[in-house]
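Undergrad: Each chain, letter by letter, is given below.
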Amino acid sequence: MLRTKSCTFLAAVVLTAQAGWAQEVRVYNWSDYIDEDLLAQFEEETGLELIYDVFDSNEVLETKLLAGGSGYDVVVPSATFLQRQISAGAFQKLDKSKLSNIGNLWDVVEARTETYDPGGEYSINYMWGTTGIGVNVGRVTEILGEDAPIGSLDLIFNPENMAKLAECGVHFLDAPTELIPAALQYIGEDPDSKDEDVLALAEPILTAVRPYVQKYHSSEYISALANGDICVAFGWSGDILQSRDRAAEADNGVEIAYNAPVEGALMWFDQMAIPVDAPNPEGAHAFLDFILDAEVAATASNYVYYANGNLASQPLLVEDVIGDLAIYPDEATLETLYTTTPYDARAQRFVTRMWTRIKSGT
Amino acid sequence: MNIRRIALISVPYLWLLALFMVPFLIVFKISLSDIALAIPPYTPTLDISGGWTEVRSFFSQLDFENFEFLATDDLYWKSYLSSLKIAFISTFICLLVGFPIAYGMANAPKEWQPTLMLLVILPFWTSFLIRVYSLIGILSQEGMLNQFLMWIGLIGEPLTILNTNIAVYIGIVYTYCPFMILPIYATLIKLDGSLLEAAEDLGCSRTEAFWRITVPLSKAGIIAGCFLVFIPALGEFVIPSLLGGSDTLMIGKVLYEEFFANRDWPVAGAVAVILLLILIVPIVLYQRNEQKIMEAEK
Chain A
0 MLRTKSCTFL AAVVLTAQAG WAQEVRVYNW SDYIDEDLLA QFEEETGLEL IYDVFDSNEV
60 LETKLLAGGS GYDVVVPSAT FLQRQISAGA FQKLDKSKLS NIGNLWDVVE ARTETYDPGG
120 EYSINYMWGT TGIGVNVGRV TEILGEDAPI GSLDLIFNPE NMAKLAECGV HFLDAPTELI
180 PAALQYIGED PDSKDEDVLA LAEPILTAVR PYVQKYHSSE YISALANGDI CVAFGWSGDI
240 LQSRDRAAEA DNGVEIAYNA PVEGALMWFD QMAIPVDAPN PEGAHAFLDF ILDAEVAATA
300 SNYVYYANGN LASQPLLVED VIGDLAIYPD EATLETLYTT TPYDARAQRF VTRMWTRIKS
360 GT
Chain B
0 MNIRRIALIS VPYLWLLALF MVPFLIVFKI SLSDIALAIP PYTPTLDISG GWTEVRSFFS
60 QLDFENFEFL ATDDLYWKSY LSSLKIAFIS TFICLLVGFP IAYGMANAPK EWQPTLMLLV
120 ILPFWTSFLI RVYSLIGILS QEGMLNQFLM WIGLIGEPLT ILNTNIAVYI GIVYTYCPFM
180 ILPIYATLIK LDGSLLEAAE DLGCSRTEAF WRITVPLSKA GIIAGCFLVF IPALGEFVIP
240 SLLGGSDTLM IGKVLYEEFF ANRDWPVAGA VAVILLLILI VPIVLYQRNE QKIMEAEK
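Chains A and B are the protein sequences, given in the same order. Residue numbering for the first sequence follows numbering that gives the first Met the number 0, starting at 0 and increasing by one per position. Residue numbering for the second sequence follows numbering that gives the first Met the number 0, starting at 0 and increasing by one per position.
Calculated from the structure, these hints are not laboratory results. Any given hint could turn out to be false.
Stated by the list, open to error - In silico BS3-like pairs for lysine-lysine, Cα to Cα no more than 27 Å straight-line: (1) Lys214(A) / Lys84(B); (2) Lys218(B) / Lys189(B); (3) Lys214(A) / Lys63(A); (4) Lys63(A) / Lys28(B).
Generate the whole structure from the sequences, applying the supplied hints.
TA: Structure representation (structure tokens):
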């Protein structure tokens with residue numbers, strides 16, 4: 000009797016699992032990158048079950064994509080990685096007839112993502128931002144004085160400044176594709192260079208400040224900065240602004256400021272795309288269309304403090320976001336921002352090796 | 000009868016074939032390939048449908064280039080050496096800590112033994128990852144360990160333990176100690192107590208009896224325990240990446256970089272093949288040596 004019962008139970012589980020397969024949308028996005036209420040809203044509006052996983056490095060996502068069979072329906076690589084993954088055949092073309100809100104996209108952003116994904120055939124922009132410097136204003140001015148260069152790469156690439164800042168803690172992104180262009184920009188070289196001789200020029204800059212960097216990590220600085228555990232982070236704009244917000248909420252006397260370096264900052268784009276082997280492309284399109292909705296995009300940006308590529312969402316953004324030049328830079332700042340393109344395999348190996356040498360001394 | 004015997008003997012070999020040889024051959028094949036921008040990210044891939052010529056061209060494209068590459072960069076041998084050192088020292092500490100625990104367990108009153116055994120196994124009921132993460136909380140600047148040491152007055156200001164090699168040792172020893180304790184305990188519990196009594200009757204001191212009887216007779220457990228700790232510690236990735244600093248050099252991290260940062264599966268494959276050789280060769284040599292001793296004894 001018991002046996003029959005458990006058999007029926009098992010059959011029921013298998014059946015629901017099969018039925019559930021088509022109803023699920025699996026999204027793989029960056030950590031701390033969405034207002035979680037939106038996830039529930041998507042499930043409610045579409046009746047689809049959303050499985051939402053997060054990562055904190057483009058490399059992890061890329062390896063999953065290139066291994067094939069990642070099982071995800073929507074992924075969010077940065078545009079440089081996206082470009083390479085498109086040529087590896089990792090994505091399927093978007094069916095724009097299923098994206099009723101695609102007209103909401105902002106041409107200013109589209110013009111720039113065009114380099115990576117011509118015609119926007121494979122991806123839509125989710126968020127974009129800059130890579131820059133977050134500081135604990137109180138601590139840094141206490142150490143370096145009132146005229147501390149908090150808006151300049153000099154703060155983090157000048158060993159004299161860094162030696163003093165080391166005592167209160169400095170974090171760098173663990174991403175050579177962010178740090179090396181910044182170092183090249185600092186010394187007036189082409190940040191998008193693929194030439195090994197030019198790339199090598201970044202090494203002494205980064206090695207000189209290595210002893211003063213407490214940690215290379217791509218997400219820990221959000222809370223570390225907000226808690227006052229560290230006083231400087233070289234990181235992504237919205238992450239630092241989130242940390243500013245958390246510190247303000249905690250009311251712990253920590254004041255965080257973000258600046259895109261005056262020397263010029265890397266401008267990056269996170270693009271949503273559908274893997275070629277997505278189990279549920281239908282659901283994936285539904286998710287993209289949901290994200291393209293002006294209200295949804297505005298809610299997301301208001302929460303994560305990143306600019307989005309959605310023009311229609313702009314009237315719905317809170318003043319804290321749309322009015323903040325660190326998020327939506329003015330024309331003059333936009334001029335100074337630069338973009339990069341992906342490294343080929345040889346340059347990539349050179350860069351990774353250099354990065355290991357910088358971090359470990361070997 | 001014969002067939003049954005063969006079938007019985009073949010089980011472990013089939014096991015080895017399916018779970019060791021086949022995966023190894025796949026990795027070995029990838030290590031001979033070239034990097035490509037595709038899914039999967041290497042070439043050539045075997046397409047049997049193309050017939051014999053296809054298979055031949057497949058084999059002609061394989062070469063040992065990646066192994067040669069490993070020799071050109073000192074990062075690799077330095078990482079192997081550093082991993083060997085970390086694994087070796089961790090195994091030794093595990094033995095120092097594990098043997099007395101196993102000895103104490105085996106000599107504890109019979110009714111306590113199941114409880115003690117449970118205490119050793121209990122940590123496994125919590126996810127490995129969670130246990131390593133909680134070590135971060137214990138070892139950090141404001142962590143419990145520093146607070147405790149400051150409270151008892153041993154140190155004046157917090158030590159930097161997290162993100163150093165010391166944290167890696169602590170993590171590995173903590174995680175793998177049960178693998179040392181259990182096999183040693185298993186041999187000690189079977190130890191015939193009358194042998195020790197006989198030794199004492201014949202005028203052997205307790206310490207001498209321990210070194211001349213207990214230790215040699217538990218050798219099998221000690222060796223099994225050392226292998227069980229040494230092998231996973233050598234390729235460990237999670238512990239050094241969560242607890243270690245950016246200057247902690249371990250081959251597991253190098254493998255990760257090859258896979259994730261360089262997308263170079265072929266070089267990653269070559270690193271893995273050499274790692275395996277480093278492990279297998281000493282084990283095979285040891286096995287041979289044991290056999291020789293056994294034959295000599297006969």
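Undergrad: Compare the structure with each hint and give your call.
TA: Quick rundown of the hints versus the structure:
Distance hint between Lys214(A) and Lys84(B) is fulfilled; the C-alpha atoms sit about 24 Å from each other, no more than 27 Å. Restraint check: the Cα-Cα separation between Lys218(B) and Lys189(B) comes to about 13 Å, which is no more than 27 Å; the hinted pair holds. Our distance criterion of 27 Å between C-alpha atoms is met by Lys214(A) and Lys63(A), whose separation comes to about 26 Å. Distance restraint check for Lys63(A) and Lys28(B): the Cα-Cα separation of roughly 20 Å lies within the 27 Å cut-off, and the hinted pair is therefore satisfied.
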